[in-house]
Structures are given as structure tokens and as C-alpha cells.
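J.: Chains V and E are the protein sequences, given in the same order. Under the numbering used here, the first residue of the first sequence carries the number 1, and numbering increases by one thereafter. Under the numbering used here, the first residue of the second sequence carries the number 1, and numbering increases by one thereafter.
Just so you know, the hints here were simulated from the structure itself, not pulled from any lab data. Incorrect hints may have been included.
The list that follows gives simulated cross-link-like pairs (lysine-lysine, DSSO-like), each with its CA atoms no further than 30 Å apart [claimed, not checked]:
1. V:142 to E:40
2. V:142 to V:234
3. V:253 to V:142
4. E:88 to V:234
5. V:234 to V:253
6. V:243 to V:253
7. V:142 to V:299
8. E:267 to V:234
9. E:267 to E:40
Fair warning: this is a prediction, and the values are worked out from it, not measured in the lab.
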Amino acid sequence: MTILRYAIYRFLTMLLTLVVVSVMVFVIINLPPGDYLSNQINELRATGQSQGVAQAEFLRTEYALDRPLWEQYLIWVGFAPGPNGFSGLLQGDFGWSFEFDQPVADIVGGALWMTVLVNLSAVLFVYMVALPLGVIAAARSKTWVDYTAAFVGYLGLATPNFLLALILFYYGNKYFNLPIGGLMDPAFEGEPMSWEKVKSVLVHMIVPTFVIGTSGAAAMMQRLRANLLDELGKPYVETAQAKGLSPSRMLTKYPLRMAFNPFVADIGNLLPAMVSGSVLVSVVLGLQTIGPALLAALKSQDQFLAGFVLMFVALLTLVGTMISDVLLVLLDPRIRYGARET
Amino acid sequence: MSTLPDGRYIDDAPFDPDENINRLDRADMDAPNWLLVWRKFRRHRLGLLSGAFLLFSYLMLPVAGFIAPYTPAERNADHLYAPPQAIKLFHEGRFVGPFVYPRTATADLENFRWTYETDRTRPMPLEFFCEGSEYRLAGLIRSDTHLFCAPQGATVFLWGSDRLGRDVFSRILYGAQLSLTVGLIGITVSFILGIGFGSIAGYFGGKTDWIIQRTIEILRSLPELPLWLALSAAVPSNWGPVAVFFIISIILGILDWPGLARAVRSKFLSLREEEYVRAAEMMGASSGRVIRRHLLPNFVSHLIASATLSIPAMILGETALSFLGLGLRAPAVSWGVMLNDAQNLASIEIYPWTAIPMLPIIVVVLAFNFLGDDLRDSLDPYES
């Protein structure tokens, strides 16, 4: 099975990429001088509280922050044994958040699923909006439908996400009674799953999905339109028309399929942008995703929390890209497996 | 149609001997490339308009202090959160010239807001080329002459004032100085890195190519914003606004180059097989010279078009970072910093004018998009 081999190959490259990404993330997080604990120790020393210093020093050795950077990295990922044996990301121990005084896993636990959910629904939104609009814009190119779609698309690209979020929240609440902020009614937080809870989450998702998806949908629509227009100019379309195929059937049977490939392949470009957007929008709208946690952690140099969130976000995009690559091969037999020989 | 004596038919319409000549031989196609591009670009109304608007905006930057009636940090403690004021021409049906009505603020202690009463009986004409607060023209020449300013005892807040009583209109003009140049600096960094790495990868190929390719793939697969956040969180908070501004633009550029590098690389891969490249190499030109003199000029115009399209992303990036408090910080004035004030729903509902800085952002980003699209369309002058 060549497809299986390709999937495995793609999976392995993803793992390798992930290792490189983890190095990058670690370096970036350690760019600011000092760390959370040494800052705290300095502060405690300055105010003359010697009692806290001992505790902070203990935490520093406990989390290996007193070792050289490369050792810290190996311990963090779980390649090398730390003070308490192997306990890194690989072993499922995400570290300790100094800012919140809790294990990282406890802080981000529920937020991880919410992040996946928000991004997934945004991707679905992009496809559901961009596909019909792009096809209509191409089929009726140079008419008012095309121009309107293009204008709305441009506007979607040009409006900063967070502002769109604020404005939509305001008007959504005013005219449609949509809830403001959060991902579910506060009453349901911590409650077990129920229909009411699912409904509450769905209603809360409308505005965030729309906001995160708009710019992606606009870009996707333009690309689909361009691809489809390219295909429509080809001789086989003329042949189909000459043979008397009805326009809609002709469109869906041949050119659309051809134009569809970049649509799937594009998820590699789309996903990073959407995850970015979701982080920003979550901060503004107070969604319980990992966005706000990331911002707080970055501001206070809470390195284990920030590192984990960055790694998770990267993993999310890498897995998405991998799936789209494999899908593309399944969809289009003309794409060759493995590297091209040149 | 007429018939010749020998029975043949001939067309009466005048004969144009140039009609069947190849288009390339025609005189109007013999012009230099830039002229051809310009002729084609001229037909794109929207792109032309956008270009003119952007040119105007950038030319305005050095004289922003002259156009703005106030300086960015100038506070009006009596006019906090003042709503926008209109400049009027007619008072009670009589032409007075541009004037404003004076307003007085009273504290509404029930709702904890300022309410403004407009005195419609006293029109106060605006002053022109008047003295105001001191500013530096283009950051160099001290001056205190403003294009227009409020008469004594009145204010001129075209787009309202913010929570410290600073004029939103003036601050937008000053904010443009940072917000618009962020994109230019960022794109320069991105250009240097992108062209550098892209041409090396494409020209030399092999192992170098492989390494650069993988780097590009990794950078492209990462979500930009969290990386921007992480990198700008690493900027020491004791740096001055100017240093922060430069480092933010450089960060924006550093994460933007992979896309450009990929385009450059694929062009190089096909171009390096051309005969003229081999000829240059045979004559002993160094790799650097071949790249710079023979290969790059081929698609510099395409690069400019693609740069035009990636500037908006940087402007939006700066706005997002500053909005979150990780980009430019308070004493600096940029559109993102200004929007920081409009961060919550309450201010959008009660003081909608604090969100006005989003208008220039949208307009500028749209203009760059239209300009870039139309530039790209007109770059191939021989294609109809």
C-alpha cells in the first residue's frame, strides 16, 4: 500500500519537525533574561523576605532551572532525567505553572478541547462559505455577484480580527440576543455533558467561528475563484459546452473537481492563520481556550505554561497539515508519493 | 464589394497594411518595459486610485504635525471623552466660513460620564496657520505653526477625544507615522532574507537547498501570532519606544520571509538553466554577480507586487500586537496602541469614536491589496 507508506513517511517527518519546533519554542521562551523564579528571588531579596527565597531556590532545583539551558531543554522534553527521573512532555508531565501555582495540565486541561473545537468549527465554516461563494463568483465572473463577493472578501481580509469580534459581539447581542463572551453559560461550567450544555456552547460559538473564519474564507474564496476561472478557459470545457452539457452539470462534473485540489492543499496555509486568529480572538472575547493562558504566561515569563501552549498550538497545525497532505494524495491520483526527482 | 473587370471580387474597405504585423513589431510595443507596465496599469482605475491614496498618505507622514491641530500627548483635562465635533460653514443661514460651536462639559454624576452642551449661539471661526504646541517637522525642524487650530476658548476635536482628553484625529495622523512605516521596515527585512535565502537555495541547489527548504517548511507551518507574541514578549520592557518599534518591525519581517523565499527559489530553479546564465558563468562571472546582474532583474517587478501584498499583513500584525499590549507601548502612538483604548464593549457602546482608528487601518490595508493585485495584473505588458 503506497498510500499507507506515504502516510507513515509524512507522520515521521511531522515528528521530526515537532522536535525542531520544540527547540525553537524553548529558545524563544528563554530569550528574555532570567526566569520567573529568579525574578521572584530578586524581588524577595530586595524586600528582605528571606523565607520565600529558600522556597523559590528549592523550586529552582526542583524544576532544574539552575542547570545549563541545553540540559533544561532535554529535561523539559523528557529526553534526559530531571531531578525526579524522566518527567517531561514525552512522559505526559507538562510541568508546573509558577504564575497560577498549579500543574500546567490542570490549567489548560479543558481549554485544549475548546481550542480544538473552536478551530475545527472555524475550518468547517471556511469550507462551507468559501466553496459556494467561490464557485458562484467564478461561474458568474464579472457580474455584480462576483464584484459583491470580491468586495466582501476584501473587507474580510482588511478588518482586524479583534475589532470584528468586538463589533459583532455588540451588534449580535443588541439585535439577535446572542450571548457575550465565554464559550458557555457560566451555569454549565464544571457540569457534566448534557444537551443544554451543548446547545449553550453552540450558541456561544457563532460569533467566534464567524470572526476567526472570515479572513480565511475570503482568501480561500479568491483562490478557488482564480483556479476555477483558469479551468473554465480550457478546451475541454468548450467541448463539454459544444456537446450540450447543461452549465451547472458541466461545472460540477469537470472543472470543479480540478479546482478542488488546491482547496484541500490550502489547509496547510489556512490552519496556521486560523490558530493565530483564534488565539487573538480568544483573548479579546474571553473564550476559555488556551489563548488567554498563553498571553498571561508570556507576560510573566511563566515558561512551562507558555512552552506547553506554544507546543500544543504547533502540534495542532502540524497534525492538520499532515491530514490535508494525506487527503490530497487520496483525492488526486496525479500527485506522486514522496519527493520529486529533479 | 465591387467586381474587377476580370470577374474577381474585391473589398471596398480601406486596407491597413499594419493589420497583420505581429504585435511585437508595432511601434507602441517598442517602449521600455516600465512604460508598458505603466500604460497597462493606468487602465486599472481602482489600483491607480489606491496607489495615489497611499502615495498621499506616505507623503503626509513627515508633515503630520503641521496638519494635526494638536500634538499627540496634548491633554485637554476639561474635555475627556468628548464626542466628534463638526466644522460648519453656515451660522443661522449666514456664511461665516469654517467655524465650530464651543462646548462645555458637565459631569453626570448619576452615570459617571461627561455630558457635553453645545452653545449654538456663538460661532467661533477656526484659525489658520496659527501657533499651537511645538512639534518637529519630519522629526528635525522645530515648528509651532499648525494648518488650523481651535479658536481661544473652543476645541476642535474632529473625531472626538479619548479618555485623557487627547484629540483622536491628531493622534491618528501621528499614529500613521509608526503604523505605516512598520510595514516598510518589515518588508525590507523580509526582502533581504527572502531574496538572500531563496536565491541561494535556487541557484546552488543540493544540500543548501534542502536545509533552506526544510527551514521554510517549518516556519510556514507555525502559527504566526503566537510566535510574534512570544518574540515580542522577549523585548525588554525598559527599551525606548523607538527601539521597540524597530525590533517589532524586524520581528514581523523575520517571520514573513519564507513565502517570498519560496517564490524566489522556484523562479531561480527554472532560470538558472537558461543559456545566458551559462554564458555568464563561462565568461567567469562569480555566482554573486550572476544572481544579482542576470537573474534577479528578471522578476524584481513580481517581487515588488508580492511585497505590496504582504505589507498589509504586517500593518495588521503590528495593530494586533499593540492591541494586546505586547507591541508598541503607551508613549508611542500607533493605531494599535490607540485601539487599546477601545478594547472593551463598554467603550464601543458609550464612546464609539475611540474605535475610529480602525477606519484608516481598513482603508490602508484595502488600498495595498487593490494596488498589489492590479500591479500583478499589469506586470506582463505583452499579455492582453
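J.: Each of the hints needs a verdict: does it hold here or not?
T.: Okay, the hints, checked on the actual structure:
1. A hinted pair counts as satisfied when its Cα atoms are at most 30 Å apart, and residue 142 (chain V) with residue 40 (chain E) qualifies at roughly 19 Å.
2. This hinted pair checks out: residue 142 (chain V) and residue 234 (chain V) have alpha carbons roughly 18 Å apart, not beyond 30 Å.
3. Our distance criterion of 30 Å between C-alpha atoms is met by residue 253 (chain V) and residue 142 (chain V), whose separation comes to about 23 Å.
4. Between residue 88 (chain E) and residue 234 (chain V), the direct Cα distance comes to roughly 59 Å. Violation of the 30 Å bound is thereby established for this hinted pair.
5. This hinted pair checks out: residue 234 (chain V) and residue 253 (chain V) have alpha carbons roughly 14 Å apart, not beyond 30 Å.
6. Note on residue 243 (chain V) and residue 253 (chain V): the hinted pairing holds, with a Cα-Cα distance of about 14 Å set against a maximum of 30 Å.
7. For the proposed pair residue 142 (chain V) and residue 299 (chain V), the alpha carbon gap of about 49 Å is over 30 Å, so the pair is violated.
8. Proximity of residue 267 (chain E) to residue 234 (chain V) is assessed by CA-CA distance (about 25 Å); at most 30 Å being required, the pair is judged to hold.
9. A hinted pair counts as satisfied when its Cα atoms are at most 30 Å apart, and residue 267 (chain E) with residue 40 (chain E) qualifies at roughly 24 Å.
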